[in-house]
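Visitor: All chains should be modelled from the sequences, with the hints used to inform the complete structure.
From first to last, the protein sequence lines stand for chains L and X.
Per this note's numbering: the first sequence = residues 17 to 260.
Per this note's numbering: the second sequence = residues 17 to 260.
Be a bit skeptical, because a hint or two may be false.
Chain copies aren't distinguished; within one or between two, either way the pair holds.
[What the hints assert, rightly or not] Simulated pairs of lysine-lysine, BS3-like, Cα-Cα distance not exceeding 30 Å: (1) Lys144 x Lys102; (2) Lys227 x Lys105; (3) Lys122 x Lys259; (4) Lys243 x Lys260; (5) Lys243 x Lys206; (6) Lys227 x Lys29; (7) Lys227 x Lys168; (8) Lys102 x Lys18; (9) Lys18 x Lys243; (10) Lys51 x Lys122; (11) Lys227 x Lys260.
The hints are simulated quantities; they were obtained by calculation from the structure and are not laboratory data.
Protein chains: 2
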Amino acid sequence: MKQNIYDNDIFFKSYTSLRDSGITYNDFVEQPAIKSAISSLNGKNILDLGCGTGEFAKYCVENGATKVVGIDISKNMIEHANKENKHEKIDYICTSIEDLELQNQKFDLIISSLAVHYIADYSAIIEKVTSLLNKNGEYIFSTEHPIVTARKEMNNWIDDKEGNRLHWALDNYQEEGEREQHWYIDGVIKYHRTISTLINTLINNGLVLEKIIEPQSIPTGLEKMPKLINEQRRPSFIVIKAKK
Amino acid sequence: MKQNIYDNDIFFKSYTSLRDSGITYNDFVEQPAIKSAISSLNGKNILDLGCGTGEFAKYCVENGATKVVGIDISKNMIEHANKENKHEKIDYICTSIEDLELQNQKFDLIISSLAVHYIADYSAIIEKVTSLLNKNGEYIFSTEHPIVTARKEMNNWIDDKEGNRLHWALDNYQEEGEREQHWYIDGVIKYHRTISTLINTLINNGLVLEKIIEPQSIPTGLEKMPKLINEQRRPSFIVIKAKK
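Guide: Structure below.
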């Protein structure tokens, strides 16, 4: 059963209202890191796995990409993408990453932004990504950091009585698999994987690791979302770049 | 100033008595992982950075290595190595990794077991290792896991009143640098580095990452040292293998 929280109305409303604010972890931590990992978009044929409302696809064509295919499991997301970020060089397709089939298409760059931790079979994604990359093509993805997904409670800041954050609680690191979380709605499922699984699966599929980023906030983020200072204490995300 | 805790008499006595017991994290967690990462020792010319009393050097020649150079900063260690693990195919040299100079020698395999976290300039070690490796030569090293070295307090199991371990405390992840710890003696200095620094420095020096291991205990370890079950909750070590 593929997870599609973004077609839950309550979730989608809360989520889009958050994203529209422009004051999010994505804006100040994750997206700057993903973008910094891209060597060039110019003339590239790009696949965006979990494209959401298409902001990133639009960013790619505005910065020289020849063609972008954006896929997302959520009808809500693809509808918004086709309204807000329509472009002749972008195709939006409503499908899960697991079910994606693209005959005779190969890409120079495959991106997936915070999608991998929703998917049960990591190995299958990496195999698919590898088969869809051109030689020397690059795969750049972000996911929740294993430090964040490890503990089963998923409620990891430990505070004192005054509400000061004492430290981050880590546990259950080697127990990979489902973690259930409340995020606007109950029962959001994420998959915890260790650093070694994230990296070795790429290498075992013949990809070459190029870079790991454990991003902190850009300066604007620290002004507009002061709690992002906590990204120094433990990273929320990890960005991984590999080459075929 | 290079750190040489192993020539402190109190430290060395406690340390060797621990190692002689054969019931340690090294025996059950770290060494099995290092050894599992080695593809072959046969016919290899090997450098062991931080060789201690030479057990591993001896293991290499007993398993087909042509030649081993073992270096250690501690006179105590090198004396013991020359007594207990002397072999015509092994040269033990008393020098720090930082000061090591080997004219016209290259190696097929360079190992360093739990030495890197004592060294201030990680980038300089990796540069040296790269220059000492033959083409296709491998570097395999273990170090304390960034999860373990991150928090400045370095006292990271949080227990309840009955002494049950609630979780592992993580903090200060992005603040690389010195961590002071009591380990038999006060003032043992270790250096915290993030996962991204550990990995990217290898790649930036032209090495190709081959594998990451975050080891758990082998079964015997769980029998003889029941607390090793906690390695499931957070890994103590990380083993990294890269190729030139």
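Visitor: For every hint, state whether the structure bears it out.
Guide: Hints and how they fare:
For a Cα distance limit of 30 Å, the shortest separation of Lys144 from Lys102 inside one copy, 26 Å, qualifies, whereas the shortest one across copies, 52 Å, does not. Only within a single protomer do Lys227 and Lys105 lie at most 30 Å apart by alpha-carbon distance; the minimum there is 29 Å, versus 38 Å between protomers. When the C-alpha separation of Lys122 and Lys259 is checked against a cutoff of 30 Å, the pair qualifies both within a copy, at 14 Å, and between copies, at 29 Å. With identical chains, the CA atoms of Lys243 and Lys260 are never at most 30 Å apart, being 37 Å at best within one copy and 42 Å at best between copies.
For the homomeric pair Lys243 and Lys206, the shortest alpha-carbon distances inside one copy (23 Å) and between copies (29 Å) are both at most 30 Å. Taking the shortest Cα distances, Lys227 and Lys29 never come within 30 Å of each other, neither inside one copy (35 Å) nor across copies (42 Å). In this assembly of identical chains, the alpha carbons of Lys227 and Lys168 lie at most 30 Å apart whether taken from the same copy (28 Å) or from different copies (26 Å). For the identical chains of this complex, Lys102 and Lys18 are intra-copy neighbours only, at 26 Å inside a copy versus 60 Å across copies, given an alpha-carbon limit of 30 Å.
In this assembly of identical chains, Lys18 and Lys243 lie within 30 Å of each other by CA distance neither inside one copy nor across copies; the values are 32 Å within and 38 Å between. Taking identical chains as interchangeable, the C-alpha atoms of Lys51 and Lys122 lie at most 30 Å apart only when both belong to the same chain, with a minimum of 21 Å there against 39 Å between chains. Proximity of Lys227 and Lys260 under a CA criterion of 30 Å is satisfied in both settings, with 13 Å inside one chain copy and 17 Å between copies.
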